[in-house]
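First to last, the sequence lines map onto chains S, L, F and Y.
Using the UniProt record's numbering, you'd call the opening residue of the first sequence number 1 and step up by one each time.
Using the UniProt record's numbering, you'd call the opening residue of the second sequence number 1 and step up by one each time.
Using the UniProt record's numbering, you'd call the opening residue of the third sequence number 1 and step up by one each time.
Using the UniProt record's numbering, you'd call the opening residue of the fourth sequence number 1 and step up by one each time.
You may find that some hints are simply not true.
Put simply, identical chains are the same to the list, so a pair is met inside one copy or across any two.
With a straight-line Cα cutoff of 20 Å, these simulated DMTMM-like cross-link-like pairs (lysine to aspartate or glutamate) come out [claimed, not checked]:
1. Lys-59 x Glu-40
2. Lys-59 x Asp-34
3. Lys-59 x Asp-121
4. Lys-53 x Glu-22
5. Lys-64 x Asp-192
6. Lys-53 x Glu-40
7. Lys-64 x Glu-105
8. Lys-53 x Glu-105
By construction, these hints were calculated from the structure, which means they are not laboratory data.
Computed from a predicted model, the values in this text were never measured in an experiment.
Residues per chain are reported as follows:
Protein chains: 4
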Amino acid sequence: MADASGAPRRRDAAATRQALLEAARRRFTRLGYDGTTLREVAADAGVNLALIKRYFDSKEGLFKAAIASTPRALGGPAGVPGDRARLADALSRQLSADAWPEFGEHPVLMLLRVSGDEQVDALRRAALQDFTRQILDGSGTGPEKDPERLLRAELLVALGVGVAVIRSAVGLQPLRDATPDALRGPLRDVIDALLGPESEPVEG
Amino acid sequence: MADASGAPRRRDAAATRQALLEAARRRFTRLGYDGTTLREVAADAGVNLALIKRYFDSKEGLFKAAIASTPRALGGPAGVPGDRARLADALSRQLSADAWPEFGEHPVLMLLRVSGDEQVDALRRAALQDFTRQILDGSGTGPEKDPERLLRAELLVALGVGVAVIRSAVGLQPLRDATPDALRGPLRDVIDALLGPESEPVEG
Amino acid sequence: MADASGAPRRRDAAATRQALLEAARRRFTRLGYDGTTLREVAADAGVNLALIKRYFDSKEGLFKAAIASTPRALGGPAGVPGDRARLADALSRQLSADAWPEFGEHPVLMLLRVSGDEQVDALRRAALQDFTRQILDGSGTGPEKDPERLLRAELLVALGVGVAVIRSAVGLQPLRDATPDALRGPLRDVIDALLGPESEPVEG
Amino acid sequence: MADASGAPRRRDAAATRQALLEAARRRFTRLGYDGTTLREVAADAGVNLALIKRYFDSKEGLFKAAIASTPRALGGPAGVPGDRARLADALSRQLSADAWPEFGEHPVLMLLRVSGDEQVDALRRAALQDFTRQILDGSGTGPEKDPERLLRAELLVALGVGVAVIRSAVGLQPLRDATPDALRGPLRDVIDALLGPESEPVEG
DNA sequence: AATGAATGAGCTTTCATTCAT
DNA sequence: GATGAATGAAAGCTCATTCAT
Chain S
1 MADASGAPRR RDAAATRQAL LEAARRRFTR LGYDGTTLRE VAADAGVNLA LIKRYFDSKE
61 GLFKAAIAST PRALGGPAGV PGDRARLADA LSRQLSADAW PEFGEHPVLM LLRVSGDEQV
121 DALRRAALQD FTRQILDGSG TGPEKDPERL LRAELLVALG VGVAVIRSAV GLQPLRDATP
181 DALRGPLRDV IDALLGPESE PVEG
Chain L
1 MADASGAPRR RDAAATRQAL LEAARRRFTR LGYDGTTLRE VAADAGVNLA LIKRYFDSKE
61 GLFKAAIAST PRALGGPAGV PGDRARLADA LSRQLSADAW PEFGEHPVLM LLRVSGDEQV
121 DALRRAALQD FTRQILDGSG TGPEKDPERL LRAELLVALG VGVAVIRSAV GLQPLRDATP
181 DALRGPLRDV IDALLGPESE PVEG
Chain F
1 MADASGAPRR RDAAATRQAL LEAARRRFTR LGYDGTTLRE VAADAGVNLA LIKRYFDSKE
61 GLFKAAIAST PRALGGPAGV PGDRARLADA LSRQLSADAW PEFGEHPVLM LLRVSGDEQV
121 DALRRAALQD FTRQILDGSG TGPEKDPERL LRAELLVALG VGVAVIRSAV GLQPLRDATP
181 DALRGPLRDV IDALLGPESE PVEG
Chain Y
1 MADASGAPRR RDAAATRQAL LEAARRRFTR LGYDGTTLRE VAADAGVNLA LIKRYFDSKE
61 GLFKAAIAST PRALGGPAGV PGDRARLADA LSRQLSADAW PEFGEHPVLM LLRVSGDEQV
121 DALRRAALQD FTRQILDGSG TGPEKDPERL LRAELLVALG VGVAVIRSAV GLQPLRDATP
181 DALRGPLRDV IDALLGPESE PVEG
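I would like the entire structure built from these sequences, with the hints used as guidance.
In structure tokens form, the structure reads like this:
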């Protein structure tokens, strides 16, 4: 569907692997694990089906690689630095309608469902815990580890997941086409509500 | 798994149909569309596989019926009446760990994914719009239909969806086992943040 | 290859199962486990491939059923009764060229190779031990259980297995086309050599 | 598994070919034709898979070479010389439990099954006829070529084949672990029974 | 109304083989 | 001479669906 770009890309293992990985990521993100067939992934990548076994061993291996190669940073180059405004900004961009054009959908969707394999579950949990930690780090308050604070950060993660899921599954308007600008205000309000007033502007 | 209650329930169309529907709802909710097999649904219901065709025509027909039969009320018997505290209360109960024991998971999960069929999409959209409307109705402010207010309500719906999805997919703690009491505070904060301060207690 | 007899034999579970079993037995006997494909077995039986799953669950299930349904009696209706001449007679008939026309080969061939599955191994071992016991029973001597006597009986079983294998694999002449009459003399000599002179003609 | 001896054995065609051949012989003997995969053979030999094509052209080519390179001598360095005792001795050693440690199983097992290819069949037949001839030569009687005598020699070959097959396939005890000493007596009896009393010790 | 036999299509996986380098 | 990338065909298995009682 995508990369079958005429020239058969012969004899380039790295490129072939990469093409398969990207095709898989797109399909897994949009269609889920069961909805994705290896034949179609191979066709998208423009290579032979059996190469999936060669490079990823099995469908599960391909899925794990796809999950592992998914972007995890919430915000800028080095994650989200420490203040509330930047967190709101990062989230509103991440959750806007036209983010992730190369996936077709928000990549977090790949983290959901399938279940069963313990290793996959661990990967998914780790990814989401990563998001939670980034939110806490970016919330501009000390690392006081009280459980309610953790719960509140997880609720913010849940909000993000829910936005991605709803957009992908049913496309409610106006959420479906919301721009970063439209989301920034409401998200900032939610962040403040969940994480409390920003701790003193430490830096003057 | 459930209703194979010995006596073969011969010749009771309505009961048979109902048994199939409930079995299907449970499986679709927990395992998704692809993960649910008609044989198992029929076995759960204790009836013959071919009756699914008779009553629902096809797997998709069964799925549609399951979606259509899913509870839509956010709160009490007639939805959520008009004040902020009750909305927070209803949501915290709905999203707590042990709600919906008869489904195994939060029923909203059935509304997600599969896609493709236009009719199914319409059903799902309608269900989620229903939630949005109930939230707006329950938010204690006038029905001023500005789009941002709608977006903010949808974000609250997204939060709920996200909680259900995360709990089902990966089970982050402490969110996974959160009780209604643990959720009430944070949710109240989010509600207030998204829907603004409650309009003056109209009734004096 | 065999039973695709025009009329599709619709709606007769027992007959369908039987047809599959016979087709499987023929193929397993001639071609071994790996050499037998379920598609061909189904084609031979003139039924759909998926029915193998229905009736035997898997290839291994089919194989087990085929082994279990294989004849085990060395001789007459009730095994080999007690004297040397009848044992020689039974063996020479069993190992002659044109025995087992309905299998294509000697059914003992199905008992060989594949390995791996413990349950299958047990079935095979039991079948061959059955033969050994029948030989000892038919040897006209007391049941003195000394190990060498057991070893000698097993060598006789080995001779039978070897004849079947050689005939099937390479077809050495004159062994390949040997008639019961041609085999009786040599086999009688071997039996006597292995099991010792017949114990006193009891009914002297 | 065997020859991956560190240094990549570069540029030594004969050694590479030999390593492949030995690895193939081991696998074919233990696992049969279908159970042997070329990738594993190549891995055992520590060489690249494609070299099998270079040296043996195909899986069948490799199999033919493996068959052709299998030991055919029944007894000592120059086959079995002429007397009955030595034949029994040679056979009992050949058929004992721990003969052929370098194959894992008795090499005659490679001669069985697969079928189909005429050339392979000819090789196998020739090998078994070789055994038959050695037996007749070693039986201490004149080369009177009557067919029954041939049949009797073939039955002895069949006994050997059967022992190897049973040991490999199911492992009946006590045959499975029989030592040369345990086999010598019974085999001597069978030899005498099949080939008749030794003709006068011609050589004084 | 209800049952269970039968089917066709499609999936993942496995291999021998071929092709560039 | 040797390597590793790439391919095509076929296998076992699963499932929604249809057909005959």
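Out of the numbered hints, which ones does the structure contradict? 5, 8
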